[in-house]
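Enquirer: The primary structure of each chain is shown beneath.
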Amino acid sequence: MERLDSPSAKWWQLAFGVLCMAMIANLQYGWTLFVDPIDAKFHWGRAAIQFAFTVFVATETWLVPVEAWFVDRYGPRIVVCFGGVMIALAWFINSRADSLTLLYAAAVIGGIGAGSVYGTCVGNALKWFPHRRGLAAGATAAGFGAGAAVTVVPIAKMIASSGYQDAFLFFGLGQGAIVVLLSFFLRKPSLAVPVQRKTLRLPQTKIDRTPREVVRTPVFWLMYAIFVMVASGGLMAAAQIAPIAHDFKVADVPVSLFGLQMAALTFAISLDRIFDGFGRPFFGYVSDNLGRENTMFIAFSIAAAAIILLLTYGTHPLVFVFSTAIYFGVFGEIYSLFPATCGDTFGSKFATTNAGLLYTAKGTASFLVPIASIISATYGWSAVFAIIIGLNVVAAILALFVLKPLRTRFLTEDEGAASVAVRPVQLA
Amino acid sequence: MTIATTLALQSVPFAGLVFARSKNWDLFAVAYLSALGLILTLITLVGDASLAPADFAAITEALTTN
Numbered sequence: 289m290e291r292l293d294s295p296s297a298k299w300w301q302l303a304f305g306v307l308c309m310a311m312i313a314n315l316q317y318g319w320t321l322f323v324d325p326i327d328a329k330f331h332w333g334r335a336a337i338q339f340a341f342t343v344f345v346a347t348e349t350w351l352v353p354v355e356a357w358f359v360d361r362y363g364p365r366i367v368v369c370f371g372g373v374m375i376a377l378a379w380f381i382n383s384r385a386d387s388l389t390l391l392y393a394a395a396v397i398g399g400i401g402a403g404s405v406y407g408t409c410v411g412n413a414l415k416w417f418p419h420r421r422g423l424a425a426g427a428t429a430a431g432f433g434a435g436a437a438v439t440v441v442p443i444a445k446m447i448a449s450s451g452y453q454d455a456f457l458f459f460g461l462g463q464g465a466i467v468v469l470l471s472f473f474l475r476k477p478s479l480a481v482p483v484q485r486k487t488l489r490l491p492q493t494k495i496d497r498t499p500r501e502v503v504r505t506p507v508f509w510l511m512y513a514i515f516v517m518v519a520s521g522g523l524m525a526a527a528q529i530a531p532i533a534h535d536f537k538v539a540d541v542p543v544s545l546f547g548l549q550m551a552a553l554t555f556a557i558s559l560d561r562i563f564d565g566f567g568r569p570f571f572g573y574v575s576d577n578l579g580r581e582n583t584m585f586i587a588f589s590i591a592a593a594a595i596i597l598l599l600t601y602g603t604h605p606l607v608f609v610f611s612t613a614i615y616f617g618v619f620g621e622i623y624s625l626f627p628a629t630c631g632d633t634f635g636s637k638f639a640t641t642n643a644g645l646l647y648t649a650k651g652t653a654s655f656l657v658p659i660a661s662i663i664s665a666t667y668g669w670s671a672v673f674a675i676i677i678g679l680n681v682v683a684a685i686l687a688l689f690v691l692k693p694l695r696t697r698f699l700t701e702d703e704g705a706a707s708v709a710v711r712p713v714q715l716a
Numbered sequence: 868m869t870i871a872t873t874l875a876l877q878s879v880p881f882a883g884l885v886f887a888r889s890k891n892w893d894l895f896a897v898a899y900l901s902a903l904g905l906i907l908t909l910i911t912l913v914g915d916a917s918l919a920p921a922d923f924a925a926i927t928e929a930l931t932t933n
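Chains as they are written, first to last, in the working numbering: chain L, 289 to 716; chain W, 868 to 933.
Possibly wrong hints are sitting among the right ones.
Below, in silico cross-link-like pairs of lysine-lysine (DSSO-like), each with a Cα-Cα straight-line distance of 30 Å or less [what the hints assert, rightly or not]:
#, chain 1, residue 1, chain 2, residue 2
1, L, LYS298, L, LYS494
2, L, LYS329, L, LYS494
3, L, LYS298, L, LYS637
4, W, LYS890, L, LYS494
5, L, LYS637, W, LYS890
6, L, LYS494, L, LYS637
It should be emphasised that the hints constitute simulated quantities derived from the structure, not laboratory data.
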């Protein structure tokens, strides 16, 4: 008789995944704290040091499918353990690095480690919560931001008191050790968790599709294209927030909100991150109840409206702060909705690899960054924002009027194939 | 940059031939996709008409999303 998991097992697995994500957050969010201290010591120049961060993001993004393949084959434990060792090693090297080559090598190692943990934790959440994939993936992704919020201040204090090298060493080894420890508790479900609740708004496949089958489906590539559109819009918007604030002459205007007073641009950036973080589990939860494409349509439409609001009334500091916060609040949900949709459409068995393949859309979106910069330099940021509005409108329309019927048809064909497969063979 | 990108993309049909015959399709597919993505990223960063690495890094850092 196959072992059944206890009802609380999935919540423990989610908690472990969120904690692991919190432990790798600093590799991305904390990097900016180290740049000036490194430059002060070695005088390599900010650009050269920042390039290490680019190397980290690129390796973290593009190697997720490879790492995810190992997860689906060998389980989450060994991959997350490997990831924990790699992130500790990366910051250990950073603490000792006396050349740019070593810094870049550490960035590659850190990217491999972070990608291993990220892809595994999101994929594991999809497998344990087949009927709440949106909330599970969203909570896991939100852990990434929450971890940074907790540890950024201690890191900054340690850099100030003991130097950046001690901070790299202490936090690198500590974070890595915690990830390695948590890895021993991670596992996939004992059985393929059956869908407990069937709703027309949340259709689920009954067939587990391999990556080979997935990349041959138009529905995957449509999801990929929509992901690229929305992700590139976010990249472009993030780069233009400061220029537009200065052009609107609101960047340094003090804004008082929630008992705090800050310059409008600083407030906007801070609020953007908070809204981005909360938006992931929130829209994940909404999509579990309202349907994936319906939620995409709502989110992408709100994103377009937020940018229109920003362009029209953004000269008012409060409008500037809230419109950017709303935009990033609905932008972050792509990191919960798309993995969840991928899991619903292609099944649980290869969910980690399939979601990892879809995640590379973030990397593809980054190829549009140079184009946006050229457009901004030639035509100004208003042209870039017009593109962002267009991308979100098109994405919203595609989600509701193309992806939804396409996915429904695809899943209906799955139902038919699954029922044929279980029909007993009639012997003459 | 155009030539480098073209050369990188020209590997796609050859990869397709390998996939058609390979027994370990999934592993080769994810490895190839990852390698292609990293190479195209490198071309974007250091190609002749590229965005300066510092700008790219600043943008990716400003986004601070995963």
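Enquirer: Could you tell me which of the numbered hints above are not met by this structure, giving the numbers in increasing order?
Expert: As far as the earlier hints go, only 2 is violated by this structure.
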